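These protein sequence lines are chains A and B, in that order. Quick note on the working numbering: the first sequence kicks off at 501 and runs consecutively. Quick note on the working numbering: the second sequence kicks off at 236 and runs consecutively.
Wrong hints could be hidden among the right ones.
According to the in silico footprint, chain B covers these stretches of chain A (three or more CB under 8 Å from chain B) [what the hints assert, rightly or not]:
id: 1; segment: 607-620
id: 2; segment: 626-638
Far from chain B, some chain A residues (derived; all Cβ distances over 12 Å) [said to hold, decoys possible]:
id: 3; residue: 502
id: 4; residue: 503
id: 5; residue: 523
id: 6; residue: 525
id: 7; residue: 528
id: 8; residue: 542
id: 9; residue: 555
id: 10; residue: 557
id: 11; residue: 572
id: 12; residue: 578
id: 13; residue: 591
id: 14; residue: 603
id: 15; residue: 623
id: 16; residue: 645
id: 17; residue: 649
id: 18; residue: 650
Distance ranges between label pairs, derived from CB positions [stated by the list, open to error]:
id: 19; chain 1: A; residue 1: 543; chain 2: B; residue 2: 258; range: 18 to 26 Å
id: 20; chain 1: B; residue 1: 256; chain 2: A; residue 2: 587; range: 30 to 38 Å
id: 21; chain 1: B; residue 1: 263; chain 2: A; residue 2: 631; range: 35 to 43 Å
id: 22; chain 1: A; residue 1: 565; chain 2: B; residue 2: 305; range: 33 to 41 Å
By construction, these hints were calculated from the structure, which means they are not laboratory data. Bear in mind that the values here come from a model prediction, so they are computed numbers and not experimental data. Idealized CB from N, CA, C, for every residue including glycine.
Read off the chains here:
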Amino acid sequence: MNVVARLETGTLDPAAVLNELMQAVSTDGAVVSFVGIARGQARGGEAVDRLALEHHPRLTLDSLERIATDAAARFAVNHVLVVHRCGEIAAGEPIVFAGAASAHRRAAFEAADYLMDRLKTEAVFWKREEGPAIRNWIEPTDSDYADRARWE
Amino acid sequence: MRVHFYGRLADAFGTETEVEISEPCSIAQVRERLAIKYPRDAELLGNRRVRACVDDSIVPDGHLVQPDESIDFIPPVSGG
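Given these sequences and hints, build the entire structure.
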């Protein structure tokens, strides 16, 4: 079992992170990955130039590690890799990578889905979208909490 | 006692402030003191979804804090 969770203060190159996961795979038959990207439009339709992701000096990485460890314990996966950015992120740039490797595909699909539902509602970040006409704090929606509740 | 704020709370209160206490008091009492100190944004701290964190653990409103401890008040979190 190999579980890695990182807080990235610089940029995130999804291809490089996927390659890192691929390099760790030995006898597995499946790798599933998800990449979250900063949207260029707010829910109300306003243009968004960037996201600001504030984090806590200790709780943020703790939360990433806990979520990744829980996914590894819950599903029949051999590798879990989570990389989450913090700081200022321009629209169109990757924010998060969540990947898992398993012997058979279903476990890796479910682990990636689970990782994202937990990250959306429990990863310790405070997210703000900024654009020419807006400055909005983003909190989980009812739909995010409902997605999280599927795993309870 | 040192109090730290994050996210939208930091917009309203700044990233940290000092609350004068000489004996242990509950998180609820600290919230009340902060509401007096910042009457304009008092409702932000009254929100039950704003959690208190002491020594890197979430604690309930009845939790007693010592004068030499610090508290982090954290609004709802969201990654991804």
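For each hint, the structure was consulted:
Counting residues of the segment 607-620 of chain A whose C-beta sits closer than 8 Å to any C-beta of chain B gives 3, which meets the bar of three, so the coverage hint holds. Only residues whose C-beta sits within less than 8 Å of a C-beta in chain B count toward coverage, and the segment 626-638 of chain A has 5 of them, enough to reach three; the restraint holds. Every Cβ of chain B is farther than 12 Å from the Cβ of residue 502/A; the closest lies at roughly 21 Å, confirming the non-interface assignment. For residue 503/A, the requirement that its beta carbon stay farther than 12 Å from each beta carbon of chain B is met, with the minimum near 17 Å.
Its beta-carbon lying about 25 Å from the closest one in chain B, residue 523/A satisfies the requirement of being farther than 12 Å from that chain. With a minimum CB-CB distance of about 24 Å to chain B, residue 525/A clears the 12 Å threshold, and the non-interface call stands. Under the 12 Å C-beta cut-off, the non-interface status given to residue 528/A relative to chain B holds; the minimum distance is some 25 Å. Residue 542/A, annotated as away from the interface, keeps every beta carbon of chain B farther than 12 Å; the closest lies near 14 Å.
Distance check on residue 555/A: its Cβ comes as close as 9 Å (rounded) to a Cβ of chain B, failing to clear the 12 Å threshold; non-interface status is violated. The claim that residue 557/A is not at the interface with chain B is violated, since a C-beta of that chain comes within 12 Å of its own (minimum 9 Å). Look at residue 572/A: its CB is around 18 Å from the nearest CB on chain B, clear of 12 Å, so calling it non-interface holds up. Once the 12 Å rule is applied to beta carbons, residue 578/A is consistent with being away from chain B; the minimum gap is 23 Å.
Every Cβ of chain B is farther than 12 Å from the Cβ of residue 591/A; the closest lies at roughly 15 Å, confirming the non-interface assignment. At the 12 Å boundary, the C-beta of residue 603/A stays outside the reach of chain B, the nearest C-beta of that chain being 27 Å off. A beta-carbon of chain B comes within 12 Å of the beta-carbon of residue 623/A; the shortest separation is about 3 Å. At roughly 10 Å from the closest C-beta of chain B, the C-beta of residue 645/A falls inside 12 Å, breaking its exclusion from the interface.
With a cut of 12 Å on Cβ distances, residue 649/A stays outside the contact zone with chain B, its closest approach being about 15 Å. Residue 650/A, annotated as away from the interface, keeps every beta carbon of chain B farther than 12 Å; the closest lies near 16 Å. Restraint check, residue 543/A to residue 258/B: a C-beta distance of roughly 46 Å breaks the suggested window 18 to 26 Å. Distance hint for residue 256/B and residue 587/A: a CB-CB separation of about 34 Å, consistent with the stated range 30 to 38 Å.
At roughly 38 Å, the beta-carbon separation of residue 263/B and residue 631/A lies within the given 35 to 43 Å, and the hint holds. With their beta carbons about 23 Å apart, residue 565/A and residue 305/B fall outside the hinted range of 33 to 41 Å.
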